[in-house]
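Both chains come to you apart, so use the hints to assemble them.
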Amino acid sequence: MKWNNSTLIKGEPCTAGGETQATAGRGHLLAGSIQVARTLLEHDLVDELRLMVSPLVLARGKRLFEDGSKTTAMRLVEAKPVGGGIIILTYRPAEK
Amino acid sequence: MVPMRKLIFSFNITMDGFIDHDAVIADDELHDIASELLSSGDIILFGRVAYELFAGFWPSAPADKTLSASVRAFANVINDMPKIVYSRTIESVDWNTKIERALDPGRVMDMKTQPGRNILLAGGAGVARTFMKYGLIDEYRFLVQPIMLGHGKRLFDDERARQDLKLTHTRVLGSGVVELVYAT
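Protein chains in written order, with the working numbering: chain P, 36 to 131; chain U, 87 to 270.
Hint data in this document are derived by calculation from the structure and do not stem from the laboratory.
For every residue, glycine included, the Cβ atom is placed at its ideal position computed from N, Cα and C.
Among the hints, erroneous ones may be present.
[Claimed, not checked] Distance ranges between label pairs, derived from CB positions:
#, chain 1, residue 1, chain 2, residue 2, range
1, P, Glu83, U, Ala269, 27 to 37 Å
2, U, Pro148, P, Glu83, 37 to 47 Å
3, U, Asp150, P, Ala129, 28 to 38 Å
4, U, Gly260, P, Asp79, 45 to 55 Å
5, U, Ala155, P, Lys45, 52 to 62 Å
6, P, Glu77, U, Asp243, 20 to 30 Å
7, P, Arg61, U, Gly260, 27 to 37 Å
[Unchecked claim] Residues from chain U that keep clear of chain P, each with C-beta distances beyond 12 Å, as calculated:
#, residue
8, Met90
9, Asp102
10, Val135
11, Asp150
12, Ala188
13, Val264
[To be verified] The calculated BS3-like cross-link candidates involving lysine-lysine, where the alpha carbons are at most 27 Å apart (straight line), are:
#, chain 1, residue 1, chain 2, residue 2
14, U, Lys239, U, Lys252
15, P, Lys97, U, Lys239
16, U, Lys219, U, Lys239
17, U, Lys151, U, Lys219
18, U, Lys219, P, Lys97
19, P, Lys97, U, Lys252
20, U, Lys219, U, Lys92
21, U, Lys252, U, Lys219
22, P, Lys115, U, Lys252
23, U, Lys239, P, Lys105
24, U, Lys184, U, Lys92
25, P, Lys115, P, Lys97
26, U, Lys219, U, Lys184
27, U, Lys219, U, Lys198
28, P, Lys45, P, Lys105
Isolated chain U, as found in the complex (with noise of 0.2 Å):
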């Protein structure tokens, strides 16, 4: 049998729970992983405010020489995947992306049946907390930055039933972050 493709929600959450684009140490090795991981799949999925702050960035990224080698390769992987952006607003997109009104959980199994590579779920925490709910995460890419940041949005944020996780893999990078990979 051939394995289900993953669904694979990676983010930056600092050593205090929180998560905030701000307090993230976004160093060559950190896009460089980023990388990695894009290159393992085939589409992404974000919900609206995630989505338009990468959009917003990345098209015009690489052709940005102030941006390190690492940055602008990462601009050119993430620009060239297919996206669905979840939203029931935002009014036309481009930069390879499809939109979802409503997120269907019924839509996404069946993606998830569908031979393909990775689908990596990019957030927002919104967008994250419904995927988690309706559980279809497979697989969680913690990247904890170094930072006590005190305040702020936290990703696991509502009750939800206990759920116990396989820590699957372990990285330190340079920097101090720690990547923790955990599957369902």
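Here chain P stands alone, though its shape is the one from the complex (with noise of 0.2 Å):
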């Protein structure tokens, strides 16, 4: 790994997630992969989702949301029109 700052984690996203979240700093963000922010999702590591909701309606894609996974009631924290007809919902856990 040669990018600057980098941490490798081989193994299970959600241990050493939880490991990284007990340790001190400021948040972490989550940049993408979807598996890996579902992995995250599934375990209770998310403290805040932010969703851009785009204008449009798509014929195929991914989703990152899938079926079959567990019910969390969620706490909106902010609706933003950013422009572009795009929106940023920001949700948290409601138990958090």
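Written as structure tokens, this is what we have:
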């Protein structure tokens, strides 16, 4: 791994995420990977979810939210239109 | 030129994209918004399953004193409005309803060109997909519910042509429901 400040974690992201989350520091930002996001969601490791909702209906594509995961009540923190018909919806789990 | 009446599809959807009647936070504010929307129209369209769900509850709701004033006000609005149910199998209806045995897009287009107030499509998902397929919907009103449901039925579940929409209005409700209005 060559990119500055990167840590390679092999194995389950939930264990590693829990460990790094427990250490002192500022927020962790998950930048991508649907698979990593799903695993973190499934293990209650996501404290805040920001969805950018685009104004289009797609024919096909990848879904972030799969059928078959558990139910979590959320709290809306903010709904912010940012231009171009996009709105950012920020949620936190209701329990957190 | 008189603007054509709009065909509006309003529906509750969870933040992860599922449709589930039981996951909806149906508080007074949501009912007030629904009453306001119905009052902009003069006819409601249903598929059979959604129709039977509604017809099994709302006719007796105005007399139910355990319901809030907002819910009973909504009941009065919806009970008074003319309705169409699309169904091959339903045998008889009352509740101010006409049966259409098939969804003929030409007939819907005719209805849209006649003078009148908005046409409101109340669901469910199956009939809504048919309306989408024929390009009959002028406005979507998503009521995004603050729940990650994790499983269930989806509205957008089949292949379709990409469709760009225009976000025309947003509103945040006290419950954390976000109303997103899109024009096609």
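| Ascending list of hint numbers which this structure does not respect | 4, 9, 13, 17
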